[in-house]
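Undergrad: Sequence:
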Amino acid sequence: MKEAIKTLLDLDNNAIVAFTKRDLLGEEVNLEQLWNLPQVKKILTQQRANGSWIYPNKKAMLRSPTNYNQYQTYKRLAELVEFYGLNKKHGAIRKAAKYLFSFQTKQGEFRGMYGNQYSPNYSASITEFLIKAGYEGTRINKSLSWLLKIRQDDGGWAIALRTRNKKLEALNNKETIEPDKSKPFSHLITGIVLRPFSIMPSYRSKVKDIGMLLANRVFTRDKYSDRADVEYWTKFTYPYHWTDILSTIDTLTMLGIKEHPKIDEIKQWFKTHKQENGIYKVRVMAGAKYKDIKYWITLQYLKVLKRF
244 MKEAIKTLLD LDNNAIVAFT KRDLLGEEVN LEQLWNLPQV KKILTQQRAN
294 GSWIYPNKKA MLRSPTNYNQ YQTYKRLAEL VEFYGLNKKH GAIRKAAKYL
344 FSFQTKQGEF RGMYGNQYSP NYSASITEFL IKAGYEGTRI NKSLSWLLKI
394 RQDDGGWAIA LRTRNKKLEA LNNKETIEPD KSKPFSHLIT GIVLRPFSIM
444 PSYRSKVKDI GMLLANRVFT RDKYSDRADV EYWTKFTYPY HWTDILSTID
494 TLTMLGIKEH PKIDEIKQWF KTHKQENGIY KVRVMAGAKY KDIKYWITLQ
544 YLKVLKRF
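Numbering (our numbering), first residue to last: 244 to 551.
Watch out, some of these pointers could steer you wrong.
Dumping the calculated DSSO-like pairs for lysine-lysine here, alpha-carbon to alpha-carbon at most 30 Å [what the hints assert, rightly or not]:
{"#": "1", "residue 1": "245", "residue 2": "409"}
{"#": "2", "residue 1": "537", "residue 2": "332"}
{"#": "3", "residue 1": "478", "residue 2": "409"}
{"#": "4", "residue 1": "410", "residue 2": "426"}
{"#": "5", "residue 1": "284", "residue 2": "532"}
{"#": "6", "residue 1": "466", "residue 2": "478"}
{"#": "7", "residue 1": "318", "residue 2": "524"}
Keep in mind the hints are simulated off the structure, nothing from the lab.
Between the sequences and the hints, there should be enough to build the whole structure, so can you do that?
TA: Right under this line is the structure:
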């Protein structure tokens, strides 16, 4: 770990240096000093008055059931929280949260990413970053309660329309497709949904058994067609978006699951992909546009290792 820490501290990246000092060395760090970085200011100048960010690809938005501005706002929230430590003390985060909460239904779901269809994955992801931004209370609890109610019979989660063998064209349906709960869970979706639960201590015991089910699936094909191949386990995203071995071992250890054969396999994978400078050689699936993304992934994995 020493080699990696030295490499991270030597980077010309104030954010990585700050998080390395805080998370790996245990130093007191004022993350608010990052809020005035040029990169942050650039993101904030693009925020609209209603708290949202505009999705850049206008063609994708044409006749699409997906609320792309909601998607873009969730992504920007994730970046600001994970890369620069912004939280609800910052006005821009409060505005973004207000915008995102406007899509929360009475039942607790965040609706709109899949048109009128259920989206446990995006609902959970939005909840995850709102929690990380410092939000708690009724609205967060409603989201987590809804997620617990929408589970498959085996305890995990899946996209409802996929359990009915529907293709993505079904996103255009005005009527909401109810899930066939007798079908197996998707580890892609379950890995995403478990994340907000793992960072809420009062909910961990409610989903720990599902964490074990997720662990059993590591390095196997998904039961559904979305990102089904085994190779997707080692195609990384950061901030976390899909499910990969890093997000999985992070979630499992937060749930208190540290001993499992598949966890040993994950640790061995990282060991064999460690370079001389301590940084891990990884394939980035989402987040490649971000500067120094491979270093962020290394930092996250080293944070996980400290839990063992």
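Undergrad: All hints are to be evaluated individually against the structure, with a verdict given for each.
TA: Going down the list of hints, with the structure as the test:
1. 245 to 409: violated (50 Å)
2. 537 to 332: holds (29 Å)
3. 478 to 409: Cα-Cα ~26 Å, so holds.
4. 410 to 426: holds (16 Å)
5. 284 to 532: Distance of about 18 Å is within 30 Å: holds.
6. 466 to 478: holds (18 Å)
7. 318 to 524: The given pair, whose Cα atoms are some 24 Å apart, holds under the 30 Å limit.
Hint check: a violation occurs at hint 1 only; the rest are consistent with the structure.
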